[in-house]
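Visitor: Each chain, letter by letter, is given below.
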Amino acid sequence: MMDNVIEISSLYFSYGNKEVLKNLSLSIPRGKIVCLMGQNGSGKTTLIDAIMGLNPIKQGNIIINGKEIKTLKTMDIAKQIAYVPQLHNIRFPYTVKEIVMMGRTAYMGLFGGPKKKDEEIAMESLERVGIVEYADRPYSQLSGGEIKLVLLARALGQSTDIIIMDEPTAHLDLKNELIFLEMVSKIVVEEQKTVLIATHSPEHAFYFERLQTNVEAALVKDGEIYKIGAPSEVITKESIKEVFDVDADIITTLTEDGIEEKTLCLRKTTNEKE
Amino acid sequence: MMKKVAINKRALQISLYVLFAVLPFIAIFVSLFIGNYHLTGKEVFDILFHPNDVTINQYVVVWHLRLPRAIAAAMVGAALSVSGAAYQGVFRNPLVNSGMLGVSNGAGFGACFAIILLGGGVLTYFTSFAFAVLAVTLAWLAGRVYGHTTTTSLILGGVVISALFSALISIMKFVADPYSQLPAITFWFMGSFASINYTHFWAFIPMGVGMILIFISRWQINVLSMGDREAKALGVNVKLFKLLIIGGATLATASAVCISGTIGWVGLVVPHIGRMIVGNNNKKLIPISAAIGASFMVIVDIIARSVTTSELPVGIITAIIGTPFFIYLLKKTKGKQWNDG
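If you read the protein sequences in the order shown, they are chains A and B.
Numbered per my numbering, the first sequence spans residues 1 to 274.
Numbered per my numbering, the second sequence spans residues 1 to 341.
Some hints here could point you the wrong way.
Said to hold, decoys possible - A few chain A positions that, by computed beta-carbon distances, are all more than 12 Å from chain B:
{"hint": "1", "residue": "Asn-4"}
{"hint": "2", "residue": "Lys-18"}
{"hint": "3", "residue": "Arg-30"}
{"hint": "4", "residue": "Glu-124"}
{"hint": "5", "residue": "Arg-128"}
{"hint": "6", "residue": "Lys-175"}
{"hint": "7", "residue": "Val-189"}
{"hint": "8", "residue": "Gln-212"}
{"hint": "9", "residue": "Ile-225"}
{"hint": "10", "residue": "Ile-228"}
{"hint": "11", "residue": "Ser-232"}
To be verified - Only some residues are given here: those of chain B computed to face chain A with a beta carbon under 10 Å:
{"hint": "12", "residue": "Asn-93"}
{"hint": "13", "residue": "Ile-216"}
{"hint": "14", "residue": "Ser-225"}
{"hint": "15", "residue": "Met-226"}
{"hint": "16", "residue": "Arg-229"}
{"hint": "17", "residue": "Glu-230"}
{"hint": "18", "residue": "Gly-235"}
{"hint": "19", "residue": "Val-236"}
{"hint": "20", "residue": "Asn-237"}
{"hint": "21", "residue": "Val-238"}
{"hint": "22", "residue": "Leu-240"}
{"hint": "23", "residue": "Asn-280"}
{"hint": "24", "residue": "Asn-281"}
{"hint": "25", "residue": "Asn-282"}
To be verified - Here are the simulated DSS-like cross-link-like pairs (lysine-lysine), alpha carbons at most 25 Å apart as the crow flies:
{"hint": "26", "chain 1": "A", "residue 1": "Lys-115", "chain 2": "B", "residue 2": "Lys-9"}
{"hint": "27", "chain 1": "B", "residue 1": "Lys-284", "chain 2": "A", "residue 2": "Lys-117"}
{"hint": "28", "chain 1": "A", "residue 1": "Lys-262", "chain 2": "A", "residue 2": "Lys-227"}
Think of the hints as simulated: they come from the structure by calculation, not from any bench.
Just so it is clear, CB atoms sit at the ideal spot from N, CA and C, and this is done for glycine as well.
Use the sequences and the hints to build the structure in full.
Guide: Now the structure itself:
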């Protein structure tokens with residue numbers, strides 16, 4: 001048996017009568033980035049919620065580091081999986097350090113707050129993502145890119161094997177998007193963390209592949225994994241048409257060093273319906 | 001150089017906390033010296049430290065009127081402020097106060113009920129407490145009708161139930177005797193510590209339990225203010241802590257309101273004064289809100305019973321002296337960390 005940190009087998013999930021996940025199976029080994037792609041409503045978020053134990057599982061199984069998710073308490077799941085949310089609307093201007101320390105909550109026992117050690121780990125995490133100088137700033141004064149780095153630091157401070165990210169670079173400008181992706185790649189390479197990213201951008205998967213990071217693209221269609229594998233093999237003209245219902249070309253260029261680079265070029269929406 | 005600055009900052013912080021910890025006790029002590037019954041400073045010292053050498057009237061004024069009153073004011077102020085801060089965090093809304101979820105109107109209806117149907121008196125405390133708790137329970141249930149208790153549905157439940165009890169209060173006022181019962185009801189809604197004595201101290205038990213529940217969950221309030229989904233992902237048992245915190249705030253507010261009547265303003269604004277001083281981390285905010293609320297309420301009560309020969313209701317003074325103070329603080333700190341983003 002391989003060292004799979006996430007092992008999902010024949011998972012079903014439905015909201016009322018609407019079946020969202022159908023017989024979905026997915027194995028993710030340690031130290032891998034998996035880019036989860038699919039249309040809105042294809043079941044990505046439902047899948048993410050199920051992995052984090054937010055959706056009760058009726059049929060099928062999710063095993064995290066050898067333990068069934070059903071048997072784990074909220075606190076134990078939080079020691080295995082950290083979460084970088086998409087939208088983040090904070091009503092109270094906590095300081096950056098306070099936000100990052102919240103990542104330590106699972107280690108504080110049922111009651112109780114942060115200890116000296118939690119503060120040290122929080123500062124260390126901020127250092128790792130390169131924004132330690134923001135520690136005492138109110139979170140509300142940060143830019144979108146800085147906020148994402150704070151949330152990444154919080155996830156690092158949570159000391160988990162797995163980090164799940166829900167469209168982490170939405171609303172970021174090009175540079176901030178790249179800073180964030182570089183940081184993710186660095187974490188996976190240096191710390192053997194496993195990262196599951198829900199993303200709408202095939203470029204993310206291609207980017208990680210170019211860096212030769214251990215990456216797979218997983219295409220979700222109608223609550224099933226349609227295809228999973230190396231981005232350049234999985235993200236093709238055909239699969240894009242099948243999964244996203246759009247016509248697109250994948251353009252391959254050669255860099256000066258002779259490395260193949262792939263880019264997605266959108267053409268038009270597909271109108272034909274069966 | 002940096003090190004020295006850090007130490008000074010730390011020392012400043014510690015002395016700030018010590019100051020706030022002793023502030024309510026100073027306020028209570030000072031309140032013993034002030035009031036309509038004229039006593040000199042020396043007389044009060046004699047009453048406190050040589051109780052055998054003073055007249056019975058003097059003894060009663062300080063030990064049985066001013067002291068229990070000041071202690072009750074401090075407890076009520078702390079309870080309302082702590083509950084307000086807790087609600088603001090859990091409901092992720094800086095504009096809610098301790099009266100949301102229907103506590104105040106529930107308690108008010110209970111008080112009317114006792115005043116009109118049961119002849120008032122001691123029963124007023126119990127009916128107002130009971131109806132306050134009932135109102136929150138109903139709000140919780142009304143929120144659940146929607147499905148699971150999301151924050152919004154719970155707030156909506158509170159609004160609906162508050163409105164219901166407000167209507168019931170109007171009915172009670174409508175049928176009340178306009179010469180005896182109606183004034184009693186009106187005064188109840190303005191809040192007062194005038195009738196407080198040691199027999200009311202039973203209310204400190206639920207008040208204390210409520211505040212302790214909030215106190216031990218105060219870090220989790222921070223995490224809950226990130227929203228349910230994130231709080232779960234960060235490892236917090238959301239259902240359990242919402243129950244503990246909302247239950248604690250309800251207990252504290254209901255038992256405060258039942259002995260003092262409704263006192264507005266404090267539960268909304270004191271937490272914000274706390275935020276301006278120590279920031280938004282509930283680890284610090286909850287204790288500082290308790291200290292500020294307690295001191296503030298004792299001072300308000302001193303003013304209420306000494307500014308004119310007849311007593312003013314405290315509910316009036318909280319807003320009259322609190323509002324300019326709040327605006328001053330807002331100007332001073334420029335509400336700097338808030339943005340509407």
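Visitor: Could you tell me which of the numbered hints above are not met by this structure, giving the numbers in increasing order?
Guide: none
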